[in-house]
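First to last, the protein sequences are chains A and B. Everything in the first sequence is counted per this note's numbering, starting at 36 for the first residue and increasing by one. Everything in the second sequence is counted per this note's numbering, starting at 36 for the first residue and increasing by one.
Please keep in mind that the hints were generated in silico from the structure rather than gathered at the bench. In this text, a Cβ means the ideal position worked out from N, Cα and C, and glycines have one as well.
Simulated DEER-style distance windows between Cβ atoms:
#, chain 1, residue 1, chain 2, residue 2, range
1, A, Lys46, B, Leu267, 54 to 60 Å
2, A, Ser270, B, Leu267, 39 to 45 Å
3, B, Ile152, A, Val245, 43 to 49 Å
4, A, Leu263, B, Thr273, 38 to 44 Å
5, A, Ile367, B, Gly235, 36 to 42 Å
6, B, Ile152, A, Thr346, 18 to 24 Å
Among chain B residues calculated to face chain A with C-beta under 7 Å, some are:
#, residue
7, Val183
8, Ala197
9, Ala206
10, Ser209
11, Val358
12, Ala361
13, Ala365
14, Phe368
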Amino acid sequence: MSSAAIIEGRKRRLRHRRLTITLLTVAIIVVFAVSLMVGNTFYGPGEVLRVILGDSVPGASFAVGELRLPRAVIATLAGVSFGMGGATFQTMLRNPLASPDIIGITSGASAAAVLGIVFLSLSQTAVSLLALAGALATALAIYLLSIKGGFAGTRLILIGIGIAAMLNSLTTYALAQAASWDLQTAMRWLTGSLNSSSWEVAAPLAAVCVLLVPALALQGRNLAALALGDDSAASLGVRVNRVRVLLILGAVTLLAVATAATGPIAFVAFMAGPIAARLVGPGDALLIPAGVVGALLVLLADLVGQFAFDTRYPVGVITGVLGAPFLIWLLIRTNRSGGSL
Amino acid sequence: MTVRTEPPDVAPLRRPAVVRAVLLFGGLVLVALLVAASVGLGVRSVSLSDIIAALAGQQETVAQAAVVARVPRTVLAILVGAALAVSGMAMQAVTRNPLADPGIFGVSSGAALAVVIGISFFGLSSPWSTMGLAVLGSACAAVFVYTVGSLGRGGATPLKLALAGAATTAALESLVSALLLPRVEAMQIFRFWQIGGVGGATWDRIALVAPVIGIAAVIVVLTAPGMNSLALGDDVATALGERVARTRAFAAIGAVILCGAATSVAGPIAFVGLVVPHLGRLLIGTDHRWLLPLSALLGAALLLAADVVGRLVARPEEVEVGVVTALIGAPFFIWIVRRQRVRQL
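Only chain A is shown next, with the shape it has when bound in the complex (with noise of 0.2 Å):
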């Protein structure tokens, strides 16, 4: 192939790659704004705009302005958490299945917020920060536990389906033991929900965004690298155990700051780098896309789990029956062709 062509082909590649994350960001803008206009009582996109600006709208104020308007932008600052931080994982195990709902970070998480509020009785705000370091702890026992002579992908992932395994016998236990008001409060959590959004739930989710999704997206090509096992990635010149160590971290705080926040809201942090990776075509930097697939997927399925049945459902329990079928159909597939995204 001359270079010329593969000059045109990589172009064509980037032209299609912008196309598409615009065409997303288009989408979630829509929906955002839709989410913003229906509900209990329907407003129209001038009443909505004139809230966000600032003025005092009658009804509109309080319903846009103190409920939709949290519950959309946690929807949103989640989906991007968890869609980057997933990605994050299943880039560097090279491994579409090793998102962080299967190798326990997720179930860290839950079951330090589930024993807080069953044993502990604690309050929203404790129960996140438990959370958040029950994930945060989780990962680092993975990590120590899998060196042995050196990092390998492999025995991270298996070592944290067994950690995985353990915690979530914790977290049923500890729901057997509830009293059934506590059990309420835990399912609700363990679901994932949106339900109890507010600005004071948003402030720190949006805080900890605006530093490290930025941060996780410049390692985008340094994650590329490493992706490509570590020797490569060390004559990429790539400081390979500084580099897994920092994304890491970014990935697993943003993935438990964005679960502190909303509860584990199944199978998003999984699904949305592998569609992401459909949508853009192969390429080195899927951790964007992914953030914009992610965000769409939680915005979309909570206006589905609110308004497209008879009950409302919590947004978790939508992703949670997409994501079984999407997830059963990707372990054959990655099966069948031997991994990779």
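Add chain B to chain A, keeping to what the hints say.
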């Protein structure tokens, strides 16, 4: 060909006959001691004379009544522990995979989904149908996970099987919770089933599963010599005259029925099937004809011990055996993973 996963220096093929006999006898004594502990210890501890009197049929004092009440759960713990351990051993032999375990492979989650579908849609909650559904669900999940895990390059590696199991578990559990969410009563039934326990044992349920476990155990016992050949790899086993596909199929059927039946009475209990055969191999060697009885004994002992510990640590509450075995088993699982060379994962 897949690499042998057991380094020969760690687990010898077979210990001398005396050692084997002593080990099996030791296993029996261990189980007997734990049975005594299981009927004697608990929220209310009772004296030895009360135990003997109660077992002789007296039920006059509170202590004697407590002993009588503890007998069914003790019997169930023995049955379930032995079934899970033998099931895990057969799965490890069939898949030639050191990480094989009904829990890790997602077999239990298949049982759970089948049971929940039965309760939710067909109103099937009788013990018979629960057991049938659990066995059916286990079988479907086992076949699915193994098939998917062996697709592609390298065949069924531990990593691929474990990931397939974990992914299947995650997917099935999310379906289970979606089914349960709008059904409050079903959730209440399921919550206690799911955690894995022998506390709810009754003679009726034991009478129901014991024959099934017995038949499945016989199937596995008959395939035990064949499992030795399987360990050499399919090519060598075939050359030795072993009908590889048939042995594997029978051993797998036995393993799945054992696991499904145990799961239907006690809920999903992870890691017993993983830990016990490894321990057994270290002690008695890799000859399945000897490993099988020892695994059954050690499995019964592990579950009895887990049950007793669970009753003692949180008095007057109980910690279900499923939780205790997970807390013991996960570190063991990690140890096995770390022991393997990366290339073999």
